[in-house]
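Visitor: Note that the protein sequences, when read in sequence, are chains L and R.
Each residue of the first sequence is one higher than the one before, starting from 1 at the first, in my numbering.
Each residue of the second sequence is one higher than the one before, starting from 1 at the first, in my numbering.
Hints were generated in silico from the structure; no laboratory data involved.
Treat the hints with care, since some could be wrong.
Identical copies carry no separate label here, and so any pair may be met within one copy or between two of them.
[Said to hold, decoys possible] Here are the computed lysine to aspartate or glutamate pairs in the EDC-like style, where the Cα-Cα straight-line distance is at most 16 Å:
(1) LYS723 to ASP337
(2) LYS568 to GLU174
(3) LYS347 to GLU178
(4) LYS358 to GLU456
(5) LYS817 to ASP601
(6) LYS852 to GLU821
(7) LYS852 to ASP405
(8) LYS204 to GLU448
(9) LYS379 to ASP721
(10) LYS401 to GLU383
(11) LYS313 to ASP752
(12) LYS366 to GLU459
(13) LYS204 to ASP192
(14) LYS365 to GLU448
(15) LYS817 to GLU448
(16) LYS313 to GLU429
(17) LYS365 to GLU456
(18) LYS366 to GLU463
(19) LYS313 to ASP290
The primary structure of each chain is shown beneath.
Number of protein chains: 2
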Amino acid sequence: MFPLSSLLHFPHRSHHRRHHHHHLLLLFLRRTLSTTAAASTIPQSPPPSTPLQIPLSFPTYLICSSNTSLGKTLVSTGLAASFLLSTHSHSLLPPKKFLYLKPVQTGFPSDSDSRFVFSKLNSLAGRRTIRRSFLSFDHVLKASRSAVGDVPSEECEPGMLDLGSYSECRVVGEEGGEASELVCKTLFAWRDAVSPHLAAEREKGTVEDSTVLENLQRCLERGFEGWDNSNVFSVIETAGGVASPGPSGTLQCDLYRPLRLPAILVGDGRLGGISGTISAYETLKLRGYDVVAVVVEDHGLVNEVPLASYLRKRVPVLVLPSIPQDLSDDLMEWFEDACGVFDSLFKIMLSAYSERIKRLHDMPKKAGEVFWWPFTQHKLVSEEAVTVIDSRCGENFAVFKVNNDVMTQQFDACASWWTQGPDATLQTELAREMGYSAARFGHVMFPENVYEPALECAELLLEGVGKGWASRTYFSDNGSTAIEIALKMAFRKFTFDHGTLSDLLNDDSTQRHSQLMVLALNGSYHGDTLGAMEAQAPSSYTGFLQQPWYTGRGLFLDPPTVFLCNNKWNLSLPEGLQSHSLKYGNTWFSSRSEVFHLSRDKSDIAEIYSSHIAHTLAQYPESKGIIGALILEPVIQAAGGMHMVDPLFQRVLVNHCRNENIPVIFDEVFTGFWRLGTETAAELLNCVPDIACFAKLMTGGTIPLAATLATSAVFDSFLGDSKLKALLHGHSYSAHAMGCTAAAKSIKWFKDPQLNRNIASGGRLLRELWDEKMVGEISSHPAVQRVVVLGTLCALELRAEGSNAGYGSLYASSLLKQLREDGIFTRPLGNVIYFMCGPCTSPEVCRQLLIKLRRRLDEFSQIR
Amino acid sequence: MFPLSSLLHFPHRSHHRRHHHHHLLLLFLRRTLSTTAAASTIPQSPPPSTPLQIPLSFPTYLICSSNTSLGKTLVSTGLAASFLLSTHSHSLLPPKKFLYLKPVQTGFPSDSDSRFVFSKLNSLAGRRTIRRSFLSFDHVLKASRSAVGDVPSEECEPGMLDLGSYSECRVVGEEGGEASELVCKTLFAWRDAVSPHLAAEREKGTVEDSTVLENLQRCLERGFEGWDNSNVFSVIETAGGVASPGPSGTLQCDLYRPLRLPAILVGDGRLGGISGTISAYETLKLRGYDVVAVVVEDHGLVNEVPLASYLRKRVPVLVLPSIPQDLSDDLMEWFEDACGVFDSLFKIMLSAYSERIKRLHDMPKKAGEVFWWPFTQHKLVSEEAVTVIDSRCGENFAVFKVNNDVMTQQFDACASWWTQGPDATLQTELAREMGYSAARFGHVMFPENVYEPALECAELLLEGVGKGWASRTYFSDNGSTAIEIALKMAFRKFTFDHGTLSDLLNDDSTQRHSQLMVLALNGSYHGDTLGAMEAQAPSSYTGFLQQPWYTGRGLFLDPPTVFLCNNKWNLSLPEGLQSHSLKYGNTWFSSRSEVFHLSRDKSDIAEIYSSHIAHTLAQYPESKGIIGALILEPVIQAAGGMHMVDPLFQRVLVNHCRNENIPVIFDEVFTGFWRLGTETAAELLNCVPDIACFAKLMTGGTIPLAATLATSAVFDSFLGDSKLKALLHGHSYSAHAMGCTAAAKSIKWFKDPQLNRNIASGGRLLRELWDEKMVGEISSHPAVQRVVVLGTLCALELRAEGSNAGYGSLYASSLLKQLREDGIFTRPLGNVIYFMCGPCTSPEVCRQLLIKLRRRLDEFSQIR
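For reference, chain L alone in the conformation it holds in the complex (with noise of 0.2 Å):
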């Protein structure tokens, strides 16, 4: 049975009290059963359908270990004895709360870290001179069947229990008055003596990490109703290592990731402790915690000396006397002689949290003072518009809203610009991988040279995005340089194959410079550098005020576009197509698949297209120059608005091309990895290029690196006797080892099963992330235009007009602005908003994005 008198304390009375005091003792119990039980048999649990919010107006710290029984406890309950038992503290300062929280218990009841909290701090308040009235409690939340009847593991029905337990205690102090008060809470508790996961898994009370981190943000939120926050703490004290396992399984680091609360690192002092407390150290490091201070009890060994060397003084290491190793040792004495130590400790603590908030709230006047933003007016964009973005956590930006000094979940709904990735797990992971790579190589020079990940990278390039067509990997740092050197490898294979080459190898006159052009499609974007636009057709970002240089060296066609509008597939012809369609059928498909079927290549419209495209060609005048190479983005033209191409449009055109052996570049720079659903959008095409980029989401989306691949062909037209024949572009960084690490490790990871559930059983396909249903009513919704759903992207367009539409339109900032305080974080392309998830997001948690999206189109329609 559950041993009720172990919850039952009283203060020790130290022999130099002066002070009489009553003691209020309650305790009550309940058991009924959990509701998380019934959740906690699904195996992914659902996302919560509010963001995640940790009030960040008073300090909150992480108390973790590098292993267990080192002292986290004696210093969760020496900071609270600093904080709460000053004798500085008197009745004319407002009384004080501090509140503990031990998430996760085992070994429990006769193991109570809360409990030992509660009873250490009554006894100190009763031995110490305290002025003012002192009030605690001892709270457990939950715990396993095992932990509160002492059932036998084997037993127990599944599931936790609710436990309304507590203890309450006060001591009166010497001027009376409002009490200070001590809350301590254990969370969840479990009865055996061992890891989290196992006491959970042994006693069927497994608890999801969402549940463990939705009750701590109810804890933080609740715990100070009432309380002015210039006189509040709290801290949150972790169970064994820093990398103990949780009751789910995941490490505890991970488990608390998304909070990021600042941390307090209890070391290790012992002989071998100094390995151990550096190791967890960078663990922590390693999951993006900041760590305030390390802790370490003083074994004669001077460990602190070495760890403050390795600290290089960015951490203060304090040292706490020897505990006593006598078990009946009540601690008094101890907690008397680190008295000291906790003042300094809780000095650290409460100046680092002023700091840090100081600096989140100086963050958004100094971003406008120092920062230059691309794409971004300046004049346009208020302090209170600027967006601190304190973390990402997967998917989810951490964002600190400076006005109630909150930090809470936004879903990056912008993919961070259209590179993003990872969940949470493989942002551990590339972490990981990404600080090994940078340890074992920093920075490497590549030509002539070899080394492992650019290596793997480039095979599982030429196995994957390249396979049946590529035989060379050409890396550069991003998408535009990946254009520019795919835009030289095509003109030079053009060159070789026109038989101009030879001629033109002794030729230094600029004549024929200007003549080479590319053939492209209106509406695309292949990037920023002068190369790249001028592969672009004139649009906003190529007027003379933003390109002084460019001149738009291309035949630019108008393209088809599909759509979905009123929740059909919809065909929108150019101009010069559209007499043709009328004659010859329907301009919608019965499904987005049928827009991607081969079928279509024996229909009419692929006969109209391909004589079109013939016409178009034949009329261009050599005077304005010749063609000597395709370039498209297959399927979606993104910067361009979100447009997607029909397209058997596209597949003619390269058959065209090909014929005319005119080297075909496509620019997956946006479309690659797994983007729109296929690992590349060549396969949604169904036809291969000469030559294609990458860039963006090869790395993951966490670091800039780029890919231009090509046939052998295309290689062996720069091979020669003379250096000056070879490919003379480069970039100090190509290949950079980290880039090409994050790379190999994201290509293997994306395409996995075991890895990432999004992949079908087939490994060519991401199942559909965006719910088909939700997303046909979205576009039947009277302020929609079309809506474009691909893969991992879900775009559509606001009905607008005049200088409401456009790429300068502010239209959908009312939307945008709404949407954020739902917890989704969006960018427009003027009146086009777009939502874009990792090939690793849940549909549900695109479901939840939809469903949100939804209610506040309802909003926007209503306004307007």
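With chain L's structure known, arrange chain R on it following the hints.
Guide: Here is chain R on its own, set in the frame of chain L:
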């Protein structure tokens, strides 16, 4: 006194031994003051003049642990037994040799892990039925005086004693024949059973890291002389945990890092051990180690399950049976029980070794098949010419030599193509910080957002390289993109200043586009994208074959240059100025400082420069275009052939443009961040730009990131009510968190005199890194045309004519090959070769490079 008895061990006779065998025991003890004792008093050890070389022709593993006393020595013993005492080994098979190395032993002589391995193996050999004879040795090479003589530490003389002690034992097998061998060696031993750094300090027996490594190298090289590599195996057992300090105080994971041996991690099977094991694994990863297997003792807590889950099957986890706690247990039964586990572990290690070696051997061929290296004529690169880089540690590559299976250190004298900066310490710090940043942020989109690394980096840039003039930071990915952005900024500013902006705002015509031109210098290089290329003069890089769209939109001036020849700094004037110089005075300087001295502003030559520039500009016909920007690389034109431009000429040019209201761009992509001995080369010129570009060394040279800094006046010319007036150039990874983190860390580190010994007292200059006398001698060498030495750069042009000169020349290749034999990795610019070090590289390292260069230059001249 030294307890001799403790070195004598007889193998136990077990009940099932049926064979006669002899025991041969030898012991002698020598005491002489070690030669390392003297060396150990020098605070910074000189680099070894011969590069570190580790044989990889047989397996060598590092045995590491997450804490002390987890069983590293048991694992070493078990592996030795698996290898040497296999029952399958008979006299027809060749004998085997196992080398056990314990570099650092404390608690000696009562504790000696090598003696333990030695004695247990003898006992096991005695117990088991061995067919082949077995010979074993235990050596102890050096020990502190306290450890040897048992004198109190206070009375000790500093230094380590040569302790040529060894034990030997022979067990005769059933079949006789040549014996298998076990050689156990303790390299350095101390008496106190504490952390090595503490024992070394207390016992006045410090050993430098380089001494440990050299001794290890020697043991590995000599350990198997005369043995067939396929029959040998070696382990190096570390002391304590992975991050326990070694004798010098360097953490062991850092101490052994230059070898980067594959590791076996002995984890912790106890409560809390999951965390410690994972953290230790992460510490090893954060040093670039590969962990091949994790071994834990069974404590009934199934720690292997969460460990295997964390490791995702990348690394196998093996479980050892519980180790008897009884100290009198001879562990014979335990070893028999654990035999199967050790056999598996051994197989894993053998197969990981084979895979690694196979991969290293395959890499050159595979690289030649899948890579397309930039700036490389593939036809000229044979498989043999490909360098296999296994890792980097600070300034050194670890290069795998395919022909003799040796891993050898090579100084990265191309400084990884002009980026590399950190020494080994900073590399580790950067790896951890970048891992942290990836874990905290991954990547976060930049526009209208603020996050700590971007803000800190921008602030550091403006307070540092932009101090006194810049007010805005525009981030991009590399030097080329930073230059394209700079050009856009400059042209907008020019247009704005010259009153044509409002005309152009409503002017869509393309008439004026080609009119804006840059003023630039011949020999300059600003990057590889088209826009950057357009700003440079025609060169090998700009021909039609390379840049089909290149036109060269600039007025390009011939600059006067400065160089060292015959130990004298000369001024070389371009053709147009030569007649003047004859009239007006000296063309050489008394010292390099004189070149930079501001008093030259008042010299005749300043006047000549000024009027030459004014005259040339006045003559530039408006039909060719309007000069809208000045762009130059301050002081050194790098890609153009490592030319030092007369700083006076550049200053005069800048002042001229400033007077004409022409925006000035400094391309500091190469020169920035201490490359030339000052944080910016602008400091050497003593004038400031309106816009400056930084990249390469900005992140410490580890990861691509660029910044274009600008004045507020430049920024203001983009302000307006329309987004279309903003600077619409950006890349998805603008201000990516990892790059900004690396930059912030490196910027602070390089200029901190506490961390970078090369920072002279004033903090604005690096101390002279290249020995002046030796550089002077090299400049007088008959093979040398000219030398340019400044900051971290030492370049020289070899005297060459015709096709031997210029970028396409292969003239230097034999010299470079020789330098690689000396452990120096260089890459030429045609007949120009250069050494580049990092801002923290010790002058002694540079001196060693020069010594080797001078020797090889002598040989080079003799061949010619």
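Visitor: If the cutoff is 16 Å on CA atoms, where do LYS204 and ASP192 land: within, between, both or neither? Let me know, please.
Guide: Close inside one copy (12 Å), not across copies (48 Å); limit 16 Å.
Visitor: When no copy is specified for LYS366 and GLU459, does a C-alpha distance of 16 Å or less occur within a copy, between copies, both, or neither?
Guide: between (44 Å within a copy, 9 Å between copies)
Visitor: Indicate which option fits the pair LYS365, GLU448 if close means a Cα-Cα distance not exceeding 16 Å: within, between, both or neither.
Guide: between (47 Å within a copy, 11 Å between copies)
Visitor: Treating 16 Å as the Cα threshold, decide for LYS723 and ASP337: within, between, both or neither.
Guide: neither (75 Å within a copy, 64 Å between copies)
Visitor: Under a CA distance limit of 16 Å, which applies to LYS852 and ASP405: within one copy, between copies, both, or neither?
Guide: Answer is neither: 24 Å inside a copy and 61 Å across each miss the 16 Å cutoff.
Visitor: First find the shortest C-alpha distance between LYS568 and GLU174 inside one copy, then the shortest across copies, and answer within, between, both or neither for a cut-off of 16 Å.
Guide: neither (77 Å within a copy, 85 Å between copies)
Visitor: Check LYS313 against ASP752 for me: Cα-Cα at most 16 Å, and say if that holds within a copy, between copies, both or neither.
Guide: Between copies, since 14 Å is at most 16 Å while 43 Å is not.
Visitor: Have a look at LYS817 and GLU448 and pick one of within, between, both or neither, based on CA distance no larger than 16 Å.
Guide: between (51 Å within a copy, 14 Å between copies)
Visitor: Go through the copies and call it for LYS313 and GLU429: within, between, both or neither, with a Cα cutoff of 16 Å.
Guide: between (28 Å within a copy, 13 Å between copies)
Visitor: 16 Å Cα cut-off: does LYS313 pair with ASP290 within a copy, between copies, both or neither?
Guide: Intra 14 Å, inter 30 Å, cutoff 16 Å: intra-copy only.
Visitor: For LYS379 vs ASP721, is the C-alpha pair at or below 16 Å within one copy, between two copies, both, or neither?
Guide: between (55 Å within a copy, 7 Å between copies)
Visitor: Classify it for me, LYS347 with GLU178: is the Cα-Cα distance of at most 16 Å met within a copy, between copies, both or neither?
Guide: Neither: 24 Å inside a chain and 70 Å across chains, both beyond 16 Å.
The structure fails to meet hints 1, 2, 3, 5, 7, 8 from the earlier list, while all remaining hints are met.
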